[in-house]
Amino acid sequence: MKNNNEMTNIVHESARLHVSGEAKYIDDIDFSSLLHARVFYSSYAHAEIVSYDLTEARKVNGVHAVIGPDDLPSENQMGCIFHDEPVLAEGVVECVGQAMFLIAAETEEQCIEAEKLIKVEFKELDAIITLPEAIEKGELLQPRRKIERGDVEKAFKEAENVIEGELEVGGQEHWYLETQVAVAIPGEAGDLKILSSTQNPTEVQAIVSEVLGIARMQVEVEMRRMGGAFGGKESQANHIAAWAALLAAKTKRPVKLRLFRDDDQKITGKRHPFLIKYKAAYTNEGRITAVDFEQNCNGGHATDLTMSILERAQMHADNYYFIPNMKIIGNAWKTNLPSNTAFRGFGGPQGMAGIETIIDRVARNLGKDAGSIRKINFYGSRDRNITPYGQKVENNRLSRLWNETVNISEYRARRKQVDAFNKKNKFVKRGLAITPIKFGISFTTSFLNQAGALVNIYRDGSVLVNHGGTEMGQGLHTKIAQIAASELGVNYSCIKVTATNTSKVPNSSPTAASSGTDMNGMAVKNAVEKLKQRMASVVAT
Amino acid sequence: MSEIQFILDDKQITVDFSEKLYSPTTTLLKYLRSLKDHKGVKEGCGEGDCGACTVVVAEEINGKLMYKAIDSCLVFLPWVHGKQVITVEGLGTSANLHPVQKAMVDMDGSQCGFCTPGFVMSIFAIYKSYKKPNEDVIRDALAGNLCRCTGYRPIIDAAKEACKLRKPDQFSESEKKVVRILKGIKKQGSVKLLLETHKYWMPETAEEAISIRRKNKKALLVSGATDVALRVTKKHENIPEIIDLSFIDSIKEIVTKDGYIHIGAGLSLEMLRQEIRNDLPALSDMLDVFGSKQIRSKASLGGNIGSASPIGDTLPVLMAYDAIINLQGVKGIRSVRLREFIKGYRTIDMKSDEIIAFVSVPVPDKKVIYKSYKISKRTDLDISTVSACFSLKLKKNIVEEFSAFYGGMAAQTSNAAKASKYLLNKEWNLENIEHAAKLIDQDFSPISDARSGAEARKIMARNLLLKFFNNVHEKQ
Ligand SMILES: Cc1cc2nc3c(=O)[nH]c(=O)nc-3n(C[C@H](O)[C@H](O)[C@H](O)COP(=O)(O)OP(=O)(O)OC[C@H]3O[C@@H](n4cnc5c(N)ncnc54)[C@H](O)[C@@H]3O)c2cc1C
Ligand code: FES
Ligand code: FES
Chain A
193 MKNNNEMTNI VHESARLHVS GEAKYIDDID FSSLLHARVF YSSYAHAEIV
243 SYDLTEARKV NGVHAVIGPD DLPSENQMGC IFHDEPVLAE GVVECVGQAM
293 FLIAAETEEQ CIEAEKLIKV EFKELDAIIT LPEAIEKGEL LQPRRKIERG
343 DVEKAFKEAE NVIEGELEVG GQEHWYLETQ VAVAIPGEAG DLKILSSTQN
393 PTEVQAIVSE VLGIARMQVE VEMRRMGGAF GGKESQANHI AAWAALLAAK
443 TKRPVKLRLF RDDDQKITGK RHPFLIKYKA AYTNEGRITA VDFEQNCNGG
493 HATDLTMSIL ERAQMHADNY YFIPNMKIIG NAWKTNLPSN TAFRGFGGPQ
543 GMAGIETIID RVARNLGKDA GSIRKINFYG SRDRNITPYG QKVENNRLSR
593 LWNETVNISE YRARRKQVDA FNKKNKFVKR GLAITPIKFG ISFTTSFLNQ
643 AGALVNIYRD GSVLVNHGGT EMGQGLHTKI AQIAASELGV NYSCIKVTAT
693 NTSKVPNSSP TAASSGTDMN GMAVKNAVEK LKQRMASVVA T
Chain B
1101 MSEIQFILDD KQITVDFSEK LYSPTTTLLK YLRSLKDHKG VKEGCGEGDC
1151 GACTVVVAEE INGKLMYKAI DSCLVFLPWV HGKQVITVEG LGTSANLHPV
1201 QKAMVDMDGS QCGFCTPGFV MSIFAIYKSY KKPNEDVIRD ALAGNLCRCT
1251 GYRPIIDAAK EACKLRKPDQ FSESEKKVVR ILKGIKKQGS VKLLLETHKY
1301 WMPETAEEAI SIRRKNKKAL LVSGATDVAL RVTKKHENIP EIIDLSFIDS
1351 IKEIVTKDGY IHIGAGLSLE MLRQEIRNDL PALSDMLDVF GSKQIRSKAS
1401 LGGNIGSASP IGDTLPVLMA YDAIINLQGV KGIRSVRLRE FIKGYRTIDM
1451 KSDEIIAFVS VPVPDKKVIY KSYKISKRTD LDISTVSACF SLKLKKNIVE
1501 EFSAFYGGMA AQTSNAAKAS KYLLNKEWNL ENIEHAAKLI DQDFSPISDA
1551 RSGAEARKIM ARNLLLKFFN NVHEKQ
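These protein sequence lines map, in sequence, to chains A and B.
Read in the numbering used here, the first sequence has 714 at position 522, and its numbers run on one by one without any break.
Read in the numbering used here, the second sequence has 1323 at position 223, and its numbers run on one by one without any break.
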């Protein structure tokens, strides 16, 4: 490791560019002969498309293409894992915001003018929006998931206390400051270069190639930096890129699709709302002996990443507590909303909210501080240390963390103050909570837990590093540069980390699951080790 | 005439609209981003909610420059005529950072960086306007900027740090020159942009505005444009004729005379907020949670009244104070009580040759208690779900005067008439208040919309009355 101070006191690699406005985001790059694109989308949650007419729109001055589902060169499918999401709605629309037609024109204004001239006749159908509606009369997106351990029914029969209830967890809009954007630039022989604000360049490459019916080697995807993502650009940037690519392939011109904020909010999915039904058994001391969860999540009209999110919610339903008897059912409901998607925590927060609600109710019922109820239910170190999904909780440091946090925060003293305040005040109340979190780092689809790196050492000693991760503000490139510098034993300033590019590091995993630094950092470390060995053998001769 | 002139950072610029590159309703944001070297300014929303598009505008006032941060996405380009627009590029480069930029780097104020230029500009406006801003000033000035990554603490730290190291910068050096140029532009008189497709008038007197209005009945009045600009940026409407009142200095004054506080309709809400803090506290309390500093610096009182929105935040307050609207027309001034001026949902009692010139608020009787409330999903930069302003005069704990004007409860701001009538001459006690609160249910039948359900609105309206009771109680 180099000079310690140099390594720890490092600002974000783009900080000076951010503050001076010099950092380039995709929309900041000028292209010659660029066309602008716009998505015409459904204004109905559920409707039959009786007929449509694009002729007037196509006639607008400056308009180069208006594409409908009949004009697609390949399959009308862009779902990333399950193939259930059309590129453009055909015959029926299943949510407000579902893409129906694509427009490319010289200016954004011309796109809007053309959009106003598209005529569609809809026949409105019944729509399912909320979870209660879906549970009553809806359908599941994919088969139900179940995790079960012990005998829940027996535990309820023998229980000292039982509670039942429901918890609603609402959705959430990502509101990445930079809305979804992609530029597709046609090359020679049908090749395409895509600049995409995506957490997953490899998947953009895959979906673009599928939608166009060309090989992945013909599609190069590049990502320098995103203006925030938060999961919202893990799978849904694919769509924007695919739409831009279709228009670029059609017009043979570079095409930029940048969603206006309103359109982004309507078109793209959000955090999954959950309706969690629970039943729990607990002793008079507050030990939880059994929990039966039914997690219902609102998946929207297509599967997208819903199943992985739901499974993560199920695998976080225990949070940090050992519950001997546990059943966790997971239902992903199809509704007439944009397909809900990854969002920080990826189902984890929703899953944990369920058990924390139970803890809170147990504490209230027993008239105890919720912190104390949490504590007696912690996973143990020697026993009580197997999760409902069969994983052993190893290196459990929670007790120490907990005690330190309680002490440092002066939790007990604060608790007294809060109680005293609440006794005195009728209208304004205060609250206090201390909550542990056990969160699974890495992908549950385990083959995704891999990464690649390309490290170029030039003869002047400067080093260019590429890896499969993407920079969205989290400082990944800064950390990667630190790793490269420290592994190489050179100054941080000798390292440059450049745009993520599918032709430099292929088949990468999305930058998600709190794994970006660990995986890509190890790939860089591995690459550097190999280079060092090679250099050592040269030096030795 | 088809040109406007302004200073962009340090360059004098002329935009000639007859070249058709831009239209008079092109936003400043769009204009800047169309330039090769001004991509630092960002679009996050196009509606004044995120501050990513923040730039600083310097205006010449009495030979000095006044700096204020505004949202460039809500500015029609002609508005910058005779002003200096300062962008993040004008502050410094990555190799030569301005103290504000440097502080943002040093305090780790950026993550994804997309919001950063906007924050830099908001901090720069504080840097230029305050010698030693306290934390409240900083928070208030940053409430109009959204960051989804960093968390605000490091950004607030950066603002503190920058202001600590405050020293003259390149803008202090060029101030004299800029003042001279801006004065020169102003001297050339009022601007009319008369184009094939659009007409945009920028009169300098109320009389001029009225005469243009009389001859061009379809022209839309615009003051701060924070309401009107959304019709262009969000609804993609074309507005062919605009009379921009923001160049009329005479309607930006505030004077107290003959028992009234006369407020120019063109006065920005931010200036108003500073000026009336002591005299009309219920109004300044409301303005504290009105939009953001960027919005308030541009939005006018006339525009808030002219919008006549059922959730226009100044309306319940001005109605409680029983303000008078003074309209200037061809025949002179006509005065109407605000309580009667609002005729219904977004409709006002204004004739086609009139403009709102000034608003007269009776200097409040010291014995009357006024208090305003706003309920919204978040404190800053949000639209009211329900708002209210109460006035109360007690004599020996008997209610002598009472009014309860609510916003968000009906198609227009109005008094809870039954509740108010009930309380008159009654004892000011909890029992009577609770009874009056129940009557509010009969006074209003609110709607359910994205912001709230009707039932929740009713609860809020009742509880606000109870809150007022408690607040009065606490004071006594
Ligand atoms: C992000 C954001 C936040 C906002 N927050 C709030 C808020 O918290 N509370 C709130 O009440 N509003 C809010 N608004 C709405 C708006 O900013 C206010 O209504 C503001 O006061 C409008 O003033 P303006 O000068 O910008 O009006 P403009 O947009 O210029 O005009 C609005 C209307 O008034 C008319 N008008 C303007 N001046 C005159 C005049 N002198 N005589 C006659 N008619 C005139 C115009 O013709 C137009 O119909 C917000 C808007 C945005 C974009
Ligand atoms: S772009 Fe968000 S405030 Fe202007
Ligand atoms: S740094 Fe990403 S939004 Fe502020």
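Hints listed in this document are in silico derivations from the structure and should not be mistaken for laboratory results.
Backbone N, C-alpha and C define an ideal beta-carbon position, used for all residues, glycine too.
Fair warning: there could be bad hints in the mix.
Straight line, CA to CA, 30 Å or less: simulated DSBU-like cross-link-like pairs of lysine-lysine [unchecked claim]:
| # | chain 1 | residue 1 | chain 2 | residue 2 |
| --- | --- | --- | --- | --- |
| 1 | A | LYS616 | B | LYS1496 |
| 2 | A | LYS621 | B | LYS1202 |
| 3 | B | LYS1357 | B | LYS1471 |
| 4 | A | LYS251 | B | LYS1299 |
| 5 | A | LYS615 | B | LYS1202 |
| 6 | B | LYS1471 | A | LYS216 |
| 7 | B | LYS1538 | A | LYS616 |
Simulated restraints on C-beta separations [stated by the list, open to error]:
| # | chain 1 | residue 1 | chain 2 | residue 2 | range |
| --- | --- | --- | --- | --- | --- |
| 8 | A | ASP263 | B | GLY1251 | 28 to 36 Å |
| 9 | B | SER1350 | A | ALA319 | 48 to 56 Å |
| 10 | B | ASP1482 | A | PHE619 | 17 to 25 Å |
| 11 | A | THR322 | B | VAL1572 | 35 to 43 Å |
| 12 | B | GLU1235 | A | LYS608 | 41 to 49 Å |
| 13 | B | HIS1336 | A | GLY405 | 43 to 51 Å |
| 14 | A | VAL731 | B | GLU1235 | 31 to 39 Å |
| 15 | A | GLY405 | B | SER1229 | 56 to 64 Å |
* Asked: Do the alpha carbons of LYS1471(B) and LYS216(A) lie within 30 Å of each other, as the hint requires?
  -> 48 Å, violated
* To do: Return holds or violated for the Cβ distance of VAL731(A) and GLU1235(B) against the range 31 to 39 Å.
  => 57 Å, violated
* Would you check the hint for LYS1357(B) and LYS1471(B), treating anything up to 30 Å between C-alpha atoms as holding? => Holds - the C-alpha atoms of LYS1471(B) and LYS1357(B) are around 24 Å apart, at most 30 Å.
* Indicate whether the distance between the beta carbons of SER1350(B) and ALA319(A) respects the range 48 to 56 Å. => Given about 55 Å between the Cβ atoms, the range holds.
* Between LYS616(A) and LYS1496(B), is the straight-line Cα distance small enough, at 30 Å or below? -> 28 Å, holds
* Asked: Straight-line Cα separation of LYS615(A) and LYS1202(B) no greater than 30 Å?
  -> 48 Å, violated
* To do: Compare the distance between the alpha carbons of LYS251(A) and LYS1299(B) with 30 Å, and conclude whether the hinted pair is satisfied.
  => With a Cα-Cα distance of about 28 Å, the restraint between LYS251(A) and LYS1299(B) holds, given a limit of 30 Å.
* Starting from the range 28 to 36 Å, see whether the pair ASP263(A) and GLY1251(B) falls in it by beta-carbon distance. => 46 Å, violated
* Could one say that the CB atoms of HIS1336(B) and GLY405(A) fall in the range 43 to 51 Å? -> Because 34 Å falls outside the window, the suggested range is violated.
* To do: Hint says 35 to 43 Å; check whether the CB-CB distance for THR322(A) and VAL1572(B) agrees.
  => 42 Å, holds
* Using the Cβ atoms, figure out if GLU1235(B) sits within 41 to 49 Å of LYS608(A). => 29 Å, violated
* Asked: Taken at face value, is the distance from the CA of LYS616(A) to the CA of LYS1538(B) at most 30 Å?
  -> 27 Å, holds
Violated hints, listed in ascending order, are 2, 5, 6, 8, 12, 13 and 14; each of the other numbered hints is respected by the structure.
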